[in-house]
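Same order as they appear, the protein sequences are chains G and F.
Going by my numbering, the letters in the first sequence line up with residues 1 to 556, in that order.
Going by my numbering, the letters in the second sequence line up with residues 557 to 866, in that order.
Errors might be hidden in some of the hints.
[As the list claims (entries may be wrong)] So the derived list for chain F, only partly shown, Cβ under 7 Å to chain G, looks like this: (1) A613; (2) I614; (3) F620; (4) P623; (5) E634; (6) T671; (7) P704; (8) A706; (9) G803; (10) S826.
Calculated from the structure, these hints are not laboratory results.
Being a predicted model, the structure only gives us computed values, none of them experimental.
Every residue gets a Cβ at the ideal spot worked out from N, C-alpha and C, and that includes glycine.
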Amino acid sequence: MDKWQLGRRAALKAMLIGSATPWIISSKALASSCGDHIVRLAAIAAPDTMNPFATWSSFWPTVFTYDTLVGPEAQRHADRKGYAKEWSVSDDNLTWTFKIWPGMKWSDGHPATAKDAAFTYNFLRDSIGKPDELNVGYNNTDGMDVIESIKVVDDETLQIVTKLPSLWPVNNFNLIVPEHIWRDVSYAEARSTFRNDAPLVGTGPMIISEFQQGQFARLTPNSHFRTGKPKTAGMVFRFFDTADPIAQGLKSGDLDYGVSLTAAQWTDLSKDPAFVVGESLTPQWNYLAFNTVSGKGEGSTKALQDPAFRDAIGYAIDQKAIVDRAMRGHADPGVGLVVPMAANYYSDLSDIRRHFDLAEAGRRLDAAGYRDTNGDGIREDKEGNSFQLELITGTTSGTLEIPIAVVQLVAGWLGQIGIPVSVTQLDSGALSARTAAPANGGGGWDLLVRANWLSGSPHDLLSLGSGKLVGTTNKSQWTNDKFDKILSEIDVTIDVNKIRELLDQASRIIYMEAPYIMLCYPFVLEARRKDCFVGWGEKGIMSMEGYFPFDRLRPI
Amino acid sequence: MSKINVLSRSRLRARAISGFLRHFIGHGGAQLGLVCLGFFLAVAAMPDTLVGPLETAITATGDFLAPPSRLHYLGTDEVGRDVLNLVVHGARISLTIALLATVISLVVGTTVGITAGYFGGLADVCLMRVTDFFFVVPSFVLALVITPVALEAMGAGGEILGFRPSLFVIIVVIGLTSWAFVARVIRSQTLSLKERTFIDRARVAGSSNTSIMLRHILPNLVPQVAANGALVVANAIYIETSLSFLGLGDPLQPSWGTLLSLAQRSGAASVGAWWYLGAPGVCVLTVSLAFVLIGNALDDTFNPRRRVIP
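Please model the entire structure based on the sequences and the hints provided.
Take a look at the structure:
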């Protein structure tokens, strides 16, 4: 009997020890994550496939594995080159010559040559006009219609000829994929079902060796990387849908780097000497859009179609208060279409800029014929109906979340000038459905607070007002022939000064007509631990557009 | 004779009520529940006199996520609003949603329960299968699916019965997803009631089915309805909180759930802003606990079988 009891007790102890062991082991591992030289990072992201032709959401982590030919990053930083080592354009601005890194290899040892780059571009270009056109993912046919020809001169030289002068050859961010892996993939597969399972084959510094959707990607250093194998032992990139686990992970030492932090977390970490915090400019717009559609899909009042009404509302929006209160200073106040990140082109439109003045907004509404005639404190539109606008909002995937305080501020100010607003928060899918073009079943909303993250390229900067993108990027569905003309002109211009001038003209047109009120251009907030690695960026700890700094990071 | 009869009937009723109240109030849990509930009802009734008008992002003056101090007894939120102000104003919205949703739930549940129990047969089978559906599918999951769809469909601005559409949708959804339990209890009680002789007497006297259900059965169901109602309120508060926490509430009218959602989205948990998460959290806990205590006490008082035999 005694023996039996002893046995039971021993079994219980064994169970206790057994259950505690993994916890102790893992907590030890947490305490010193530096030991294995693996960089641990986390972001709010939801990559769904490793196939860059099929999705927009897998920028992280595929950008560490695949290179762009040139891309925005290499043009800004001499030490962050992509697939091409050098590039030049002929005097007529039509023929671009790219010198590929000599002797470059794919991570599986195959030579990486101009043929692979030509294959990637031709793969996209040949799909144009077919039912399975590759226009749904990060690698995209957008802008390729200016290409006349793509020619492989030799293994190290690629030549792209454009029909008109265009910056597409250097500005496009299509990821170059290996021909020997992709040549048997059909367009239909590339668009959807081909998952491009890990381990991948790329030319970037870190190769994805394992991908678990909704959890993490494990990356290993590319031993064939053109400037030498990265010094770290690899990376683990974890994906979250909220910022709390990221901040907690940084504090507990579980993460070396975290991005997509909230302002409160960022401030908290900035007080801790173990961390370096940073903020980077982004090409994101947070904007207020008016539903300018008339006929099917129009809003609750015709006033939304009236530029004078929209202009008056512009005087009731205090961009500075939005930045100070809602964004806690982590944003630039909104002005026009050109984001401050595109420093070459940015203009603050100071001569035509609206200032915040509720009384002025009221005067302008009165002047435009939107008065409060029955004295109930609510203005009426020209048909005599009291205003009651519906504002819809939500976070779209791939953008920084808009703090709800932004919506509270906007709704509050409009209420103060006699235009009551109700707010509906929608999830990403419902928001896209409601804001689609009326022909696709969208419409019926009045105001929209939304964010969009494209790029700082001139073409993308004007896409909010593009007649071709009505319902997709151009949510207010405002169109203007003059604006579209400038847009097509800018696509075939490569002189920076000329582009700046055209952008300025287009910005002014859309600013005066006010289909959008730009609220702010938010910063992305990031933090890193100091204890394990060196080589991070100074201004912008991690690049938001490329593989930097994982080619040069090294353990302490 | 009849005069004496009336007198004794009213006296009987008064005695029964006072006996019930004595029993009910004597319950320790009921006392605690009533005190808590009374406090929150008072708070919800006069938020403006207690803490002034609702602070918005525009009128906010405080520092960001400042800890509790003499200026802000419960600290501030991520845009500098006073958390005490928000919690007090949130009480009205949370309680309104919970109580109205409960009314809907009780009306639907009682109607279905009585009809099924009284008529029996095919009506019973059909109604009970519908009830089973709502019983088996977790009401929160159902609400989670219905709410965004309803919001999208009814989303056009304006007010419905004095509520913003998004609040109205939440009330209706909670009401329509949490009645199954009530219907079950009411049906079983109706089954037993309709076999009693006073029902037979009413039928013989020529009362219609509707009148029997409304005038003879329903009054006898009051204990069940009241006891379950209190429990449904507690549940409704939870569902409202969860739905708002997931971002389906109205961001301009902060309920406790919306506050919890805002706190979570601003990262309050990871920066140690316990006051921002704690204040609405404790309120939700207290009010739902109060309703559960009252519900249990009512059940104990009404149900002779659960009474401790002295």
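Evaluation of the provided hints:
For A613/F, the interface hint holds, since its Cβ comes within 7 Å of a Cβ in chain G; the closest pair sits about 4 Å apart. A least Cβ separation of about 4 Å between I614/F and chain G falls short of the 7 Å threshold, and the interface hint therefore holds. The interface hint given for F620/F is met, as the beta carbon of that residue sits about 6 Å from the closest beta carbon of chain G, less than 7 Å. With a least beta-carbon distance of about 12 Å to chain G, the hint placing P623/F at the interface is violated under the 7 Å criterion.
For E634/F, the interface hint holds, since its Cβ comes within 7 Å of a Cβ in chain G; the closest pair sits about 6 Å apart. For T671/F, the interface hint is violated, the least distance from its beta-carbon to any beta-carbon of chain G being 36 Å, above 7 Å. The criterion of a C-beta within 7 Å of any C-beta in chain G is met by P704/F, whose closest approach is roughly 6 Å, and the hint holds. The restraint placing A706/F at the interface with chain G is violated, with a minimum CB-CB distance near 11 Å, outside the 7 Å limit.
The beta carbon of G803/F is positioned within 7 Å of a beta carbon in chain G (closest approach about 5 Å), and the interface hint is therefore held. The criterion of a C-beta within 7 Å of any C-beta in chain G is met by S826/F, whose closest approach is roughly 4 Å, and the hint holds.
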